[in-house]
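Fit chain B to the supplied structure of chain A, relying on the hints for placement.
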Amino acid sequence: MTTATPTVGAGTQAVGKTTTAGRVRKRLNTRAATLISIVIALLWTIPTFGLFVSSFRPENQIKSTGWWTFFSDPQFTLENYQEVLFGSSSSSGQLASYFINSLAITIPSVLFPLAFASLAAYALAWINFRGRDWLYIAIFAMQIVPLQMALVPLLKFFSTGVTVGGITLMPAWDLVDEQKFAQVWFAHTCFALPFAVFLLHNFISQLPKDLMEAARVDGATHPKIFRTIVLPLITPALAAFGIFQFLWVWNDLLVALIFAGGGDETAPLTVRLAEMAGTRGNEWQRLTAGAFVSIVVPLIVFLSLQRYFVRGLLAGSVKG
Amino acid sequence: MEFDWLEEQPKFLMLGYGLLAFVVVVGGLLLLLDVVPSWFARRREAQLVTAAASGAPLPRRPKQREGLFALFFLLPTLLLLTIGLVAPAIRTTLLSFMDSGSDEWVGLRNYGWMFSEDSIVRVLINTLTWVLLVPLVATSFGLLYAVMVDKARFEAIAKSLIFLPMAISFVGASIIWKFVYAFRGDGQEQIGLLNQIVVSLGGEPKQWLLDSPLNTFLLIVIMVWIQAGFAMVVLSAAIKAIPADIVEAARLDGVSPWQMFWQITMPSIRPALIVVVVTLSIATLKVFDIVRTATNGNYDTSVIANEMYNQAFRYGENGQGSALAVFLFILVIPIVIYQIRNLRQQREG
Numbered sequence: 001m002t003t004a005t006p007t008v009g010a011g012t013q014a015v016g017k018t019t020t021a022g023r024v025r026k027r028l029n030t031r032a033a034t035l036i037s038i039v040i041a042l043l044w045t046i047p048t049f050g051l052f053v054s055s056f057r058p059e060n061q062i063k064s065t066g067w068w069t070f071f072s073d074p075q076f077t078l079e080n081y082q083e084v085l086f087g088s089s090s091s092s093g094q095l096a097s098y099f100i101n102s103l104a105i106t107i108p109s110v111l112f113p114l115a116f117a118s119l120a121a122y123a124l125a126w127i128n129f130r131g132r133d134w135l136y137i138a139i140f141a142m143q144i145v146p147l148q149m150a151l152v153p154l155l156k157f158f159s160t161g162v163t164v165g166g167i168t169l170m171p172a173w174d175l176v177d178e179q180k181f182a183q184v185w186f187a188h189t190c191f192a193l194p195f196a197v198f199l200l201h202n203f204i205s206q207l208p209k210d211l212m213e214a215a216r217v218d219g220a221t222h223p224k225i226f227r228t229i230v231l232p233l234i235t236p237a238l239a240a241f242g243i244f245q246f247l248w249v250w251n252d253l254l255v256a257l258i259f260a261g262g263g264d265e266t267a268p269l270t271v272r273l274a275e276m277a278g279t280r281g282n283e284w285q286r287l288t289a290g291a292f293v294s295i296v297v298p299l300i301v302f303l304s305l306q307r308y309f310v311r312g313l314l315a316g317s318v319k320g
Numbered sequence: 001m002e003f004d005w006l007e008e009q010p011k012f013l014m015l016g017y018g019l020l021a022f023v024v025v026v027g028g029l030l031l032l033l034d035v036v037p038s039w040f041a042r043r044r045e046a047q048l049v050t051a052a053a054s055g056a057p058l059p060r061r062p063k064q065r066e067g068l069f070a071l072f073f074l075l076p077t078l079l080l081l082t083i084g085l086v087a088p089a090i091r092t093t094l095l096s097f098m099d100s101g102s103d104e105w106v107g108l109r110n111y112g113w114m115f116s117e118d119s120i121v122r123v124l125i126n127t128l129t130w131v132l133l134v135p136l137v138a139t140s141f142g143l144l145y146a147v148m149v150d151k152a153r154f155e156a157i158a159k160s161l162i163f164l165p166m167a168i169s170f171v172g173a174s175i176i177w178k179f180v181y182a183f184r185g186d187g188q189e190q191i192g193l194l195n196q197i198v199v200s201l202g203g204e205p206k207q208w209l210l211d212s213p214l215n216t217f218l219l220i221v222i223m224v225w226i227q228a229g230f231a232m233v234v235l236s237a238a239i240k241a242i243p244a245d246i247v248e249a250a251r252l253d254g255v256s257p258w259q260m261f262w263q264i265t266m267p268s269i270r271p272a273l274i275v276v277v278v279t280l281s282i283a284t285l286k287v288f289d290i291v292r293t294a295t296n297g298n299y300d301t302s303v304i305a306n307e308m309y310n311q312a313f314r315y316g317e318n319g320q321g322s323a324l325a326v327f328l329f330i331l332v333i334p335i336v337i338y339q340i341r342n343l344r345q346q347r348e349g
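So the protein lines, in turn, are chains A and B. If you read the first sequence in the UniProt record's numbering, its first letter stands for residue 1, the second for the next number, and so on. If you read the second sequence in the UniProt record's numbering, its first letter stands for residue 1, the second for the next number, and so on.
If we strip away everything but chain B, and leave its shape as in the complex, we get:
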């Protein structure tokens, strides 16, 4: 039992350098922005003075330097986005048409591999299952809960409890749920909640995470558990934003709660609903941590993001990994187009 603080010192030193770099870069930029314009102003003043003294025509007023300011304000962001996102994305697209060592062009071979290799087809099917189920279940649950808890007592606490998993890492959540799914052999006392429930109902304990395709659904439960809170919070805010007089008018007309829900609530929160579904779909497409922590993609549970990591960073198959990344990007595009079209309709309508 020992913990050597001295060994940790270089880390704090490095953190110190990082913070110093932050102060120097940001402070320096702000200082530069302050100093340079006033220097220009002074120089112009001097020009005016000399011009006036010599009786020469006054120099024309220089153009506004707005563009220059904008450039400096935007410089760090543009630089980092170019280096960290734009250039790599273009490169990944190119790599996806090359072989594993990125030496030779192979055309569409990596994409062909994706749809012909059985294990990868399985990965694609799994991803599809995730993307269909998570947004649907999480949003429906969030909506139901938001409607139910609206104006109930203890609303704030109840909402906080549902929302809490948002703060927990996917890794932490996976461990929490692995513990729920834990298995002890028949005859032993169960330590996992799920098997305990099964056993107390007279069933046989199961190795839940080894059993395909059930295990994919059990992993999906983890994601729903985390994301339902997000859906609930956004939809709850949307429900509260419905004008009170509309609700009141409907009530005076004597509509039933059922009609109220479908004819007043649903149309009013439609924009928020779409945003939630779109956000969840995109997040689900990229899910990686849950699969990696819970099963490491074994037992037929792998998804695209996990397979992409394996191909590119474990097997050194840069071409195939890149092709999977590009495919992920292609899958996101229709979702985004759908959202943009919706936003536009909303503005017009």
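Chain A on its own, in the form it takes in the complex:
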């Protein structure tokens, strides 16, 4: 990193003098910058790459030699994946089951905030009512509340319900096994809403005013405008938030740990992996394969939809 510093902006150094030497020097500098940036990018990838290579090596190999010896002595096996996904012994991981949990947790946890937040964002942007700006500021401000502030009472809300002055407003949810997914969906939806409303409001409020007014003059009601005009126009924003939320939920540990419990009926991959890293920290053949199982889905989503993600990121952070 430090060696890279002098090359900053070096490409511009020789501008002004169009001598041959100057041009050569400029090209060399650009080359140096390119080279260094590629080297750093490769260095950045090495840890992940090492894990990936290791996951295909036999157990005794992983435990006795470094993954770089793979290239001098290649031994390849899929056993680790077989074992970690479908193994029947309790120590093997049984990640296939947790993989399904991760899916079952993630899909609704993306859909609900997406729908609710786009409705709310539309109302905050295009429906006139008293206190609109204050409401928006309030929702916006909720982004800064750490979700730690909500954990204890929300768990209590699920387990004992709400009772005010002896009157039960809502009974306990009393969920067992896979029904606990509902708790996780609920928690993730609540925690996602402030950011979702903020991000989608950024997009929706920038739609052309003429378009909205024309639709109103034509007699379209708000629900109709929302469905037929706004939704199709904000698809990129929906995609951006969808990816963002997908990665967040799939990769989340804290919310799952508290609201899903640790069993194979509900816990997602992250919970199981964290547990394996704690109790079986030296079973690298399982940890490497397991980690890769959990990484592969977000990686695919991310790589194929990176454009939307970056756009959403920039809209969410810079324009705010």
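Read the hints as simulated data drawn from the structure, not as lab findings. There is no bait here: all hints are sound.
Chain A residues, not near chain B, derived (Cβ > 12 Å throughout): (1) A172; (2) L207; (3) D210; (4) A215; (5) A239.
No farther apart than 20 Å at their CA atoms in a straight line, the calculated lysine to any residue pairs in the SDA-like style are these: (6) A:K224 to B:L31; (7) B:K206 to A:T65; (8) A:K63 to B:Q188; (9) A:K156 to B:R314; (10) B:K240 to B:P267; (11) A:K156 to B:V86.
For clarity, every value in this text was computed on a predicted model and none was experimentally measured. Quick reminder that beta carbons are idealized off the backbone N, C-alpha and C, glycines included.
Relative to the frame of chain A, chain B by itself:
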């Protein structure tokens, strides 16, 4: 080697219920919004007709029902935010002044405990180290890289590689790095990259994660590894947004690259820079997964979020856990105020 798909069936069923609930709730809401207004319209039409027929004065045009629409559009969000965020946050604040079972008021005792218990003071110091280092290092690296890679060949690929860890869970990243830090006794062949490098340079292999305070810094490396990509992408976009004529004018004036960086680039991307630092600071304050996966908070590496989880959900100390959560919230506030002040200056200036 067996995997019973039948056992997994209830999960898919539950997922099905969830999706059904989604369709019913959202579809129902949209339908309601469609049906109710047209019902009102029809009723008014009927009123007008009867009024006209009987020769009575026409009823006044009802007020616009904008507010009603807004209420329905906002209803799910407001309801969920109240139940899931506002009410719990208020309750947590109250709990932080109560004892472990939330039965009796104890005043500021939990906060006093936080600053007097040695292990918790250690936690606070660790958190401070994280918050000071992660934004600083990740942002500087992201900025350097963004400047360096700008207009270089293979820019897109190089940026993607740096950005990639953003997609990896903190848990996955921690396992990746635990493997880098892995330790084998002296004399054995090392399997961890870091120890291998140390050994090949003639050093002794070390149990990196057991060695305080070095281990906290090694965990910070994981966070920087993940977040530098975020900083790089945002700052790179900001650099590309600098108007070309400004850069060109500066070049014609013959400024050096160094001056160019400090006098043109830095002032132009200052807003983006602040956003990155603020976002990273807040994310770092709440860091939990890395510490929990890599060391479980042992060996003096715990941070506030991890300690809060332990107190509230493992030791049943609701009061102390809540106090830590509130303290976390208090730490976020000055950062946010700083950002708001900056945004305001920007608008005025």
